[in-house]
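J.: Full structure from sequences and hints, please.
Taken in order, these protein sequences are the chains called B and F.
Numbering-wise (the numbering used here), the first sequence opens with residue 9 and increments by one.
Numbering-wise (the numbering used here), the second sequence opens with residue 9 and increments by one.
A hint or two may mislead.
One copy or two, either will do: identical chains are not told apart, so a pair holds if it fits within one copy or between any two.
Straight line, CA to CA, 30 Å or less: simulated BS3-like cross-link-like pairs of lysine-lysine [claimed, not checked]: (1) 107 <-> 144; (2) 78 <-> 14; (3) 81 <-> 144; (4) 78 <-> 144; (5) 109 <-> 90; (6) 107 <-> 90; (7) 14 <-> 114; (8) 14 <-> 63; (9) 112 <-> 31; (10) 112 <-> 63; (11) 81 <-> 63; (12) 70 <-> 90; (13) 14 <-> 116; (14) 14 <-> 70; (15) 90 <-> 14; (16) 14 <-> 40; (17) 31 <-> 14; (18) 63 <-> 107; (19) 81 <-> 31.
Calculated from the structure, these hints are not laboratory results.
Number of protein chains: 2
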Amino acid sequence: MNNLPKPVTPLLTADAVILVNNKRDIVLIRRKNPPFQGDLALPGGFVDVGETVEKACVREAKEETNINVKIIKLIGPFSDPKRDPRGHTVSIAFLCEPKTKNEKPKAKDDAAALEIIPLSKITSLKLAFDHMEIIKSSGILNNLN
Amino acid sequence: MNNLPKPVTPLLTADAVILVNNKRDIVLIRRKNPPFQGDLALPGGFVDVGETVEKACVREAKEETNINVKIIKLIGPFSDPKRDPRGHTVSIAFLCEPKTKNEKPKAKDDAAALEIIPLSKITSLKLAFDHMEIIKSSGILNNLN
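T.: What follows is the structure, given as structure tokens:
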């Protein structure tokens with residue numbers, strides 16, 4: 009079309025804040041790989057060329073937690089250049105819930121283990137990347153006592 | 009850190025829906041280059057590695073329209089793989105307004121010309137990419153008579 013060099017832009021990921029058990033608990037994974045190996049994190053991963061960010065979110069949630077999710081709402085883009093020590097990665101985060109009542113959470117793929125944590129306990133944890141900021145931005149902690 | 013290949017993800021852009029004249033008008037550019045050469049489009053462009061999507065939006069708005077903008081709200085990510093004929097590009101769109109009352113709109117950089125269009129005329133236009141969808145998603149057309 010023209011001869012401009014192909015632009016280089018940050019890598020793109022999608023992350024899922026998955027609420028379960030009548031929205032009282034959140035599904036987190038223990039990271040199998042660096043960075044933040046062994047830390048708790050939101051399920052998520054890189055967006056493939058050819059898929060929407062919403063499909064990437066749903067796919068990564070399934071791959072890492074075995075849960076088929078539906079998206080409730082967009083939380084937002086998180087794009088601080090220092091949020092991933094490997095390099096600049098922009099995450100689009102979504103609030104999700106299980107698609108059916110019959111989902112069976114199970115750690116898979118990049119997840120070493122899966123943990124289902126009450127929302128009231130979240131802020132006492134150390135999470136990977138800026139995932140605590142993502143969870144706070146989602147608004148799900150606003151109405152806790 | 010580990011030996012996994014570097015992931016390939018869609019390119020990332022930021023687009024600005026800029027409201028002016030007491031939020032009655034929107035600032036569009038005539039595209040100087042393909043694709044959609046000569047069509048009207050939102051100001052915007054590729055996100056640089058090392059800058060946030062918000063900063064990219066503000067920078068591109070300035071580069072193309074000469075307007076220093078502030079972001080009012082996130083409109084959302086737009087990631088249909090077919091939205092850009094050059095390849096898969098994900099845009100993060102923001103609703104913006106001029107930072108001061110003294111901004112001087114002027115076509116620059118990738119913009120062949122700049123047009124300030126009343127919101128009431130927008131839906132009769134043909135816009136590049138999915139920019140009409142972005143404008144409609146922003147909600148700014150909801151209260152027009």
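J.: Compare the structure with each hint and give your call.
T.: Consistency of the hints with the structure:
1. 107 <-> 144: Result: close both inside a copy and across copies, 23 Å intra and 28 Å inter.
2. 78 <-> 14: For residue 78 and residue 14, only the inter-copy Cα distance (29 Å) is at most 30 Å; the intra-copy one is 34 Å.
3. 81 <-> 144: both (14 Å within a copy, 18 Å between copies)
4. 78 <-> 144: both (20 Å within a copy, 24 Å between copies)
5. 109 <-> 90: neither (38 Å within a copy, 34 Å between copies)
6. 107 <-> 90: For residue 107 and residue 90, the Cα distance is within 30 Å only across copies (27 Å; inside one copy 33 Å).
7. 14 <-> 114: Between copies only: 27 Å across, 40 Å inside.
8. 14 <-> 63: both (25 Å within a copy, 21 Å between copies)
9. 112 <-> 31: within (16 Å within a copy, 49 Å between copies)
10. 112 <-> 63: within (20 Å within a copy, 41 Å between copies)
11. 81 <-> 63: both (13 Å within a copy, 24 Å between copies)
12. 70 <-> 90: Both ways: residue 70 and residue 90 sit 27 Å apart in one copy and 25 Å across, limit 30 Å.
13. 14 <-> 116: Between copies only: 21 Å across, 35 Å inside.
14. 14 <-> 70: Answer is between: at 22 Å across copies they meet the 30 Å cutoff, but 32 Å inside does not.
15. 90 <-> 14: both (24 Å within a copy, 18 Å between copies)
16. 14 <-> 40: between (33 Å within a copy, 18 Å between copies)
17. 31 <-> 14: neither (43 Å within a copy, 36 Å between copies)
18. 63 <-> 107: Within one copy only: 14 Å inside, 36 Å across.
19. 81 <-> 31: Classified as both: same-chain Cα gap 14 Å, cross-chain 27 Å, threshold 30 Å.
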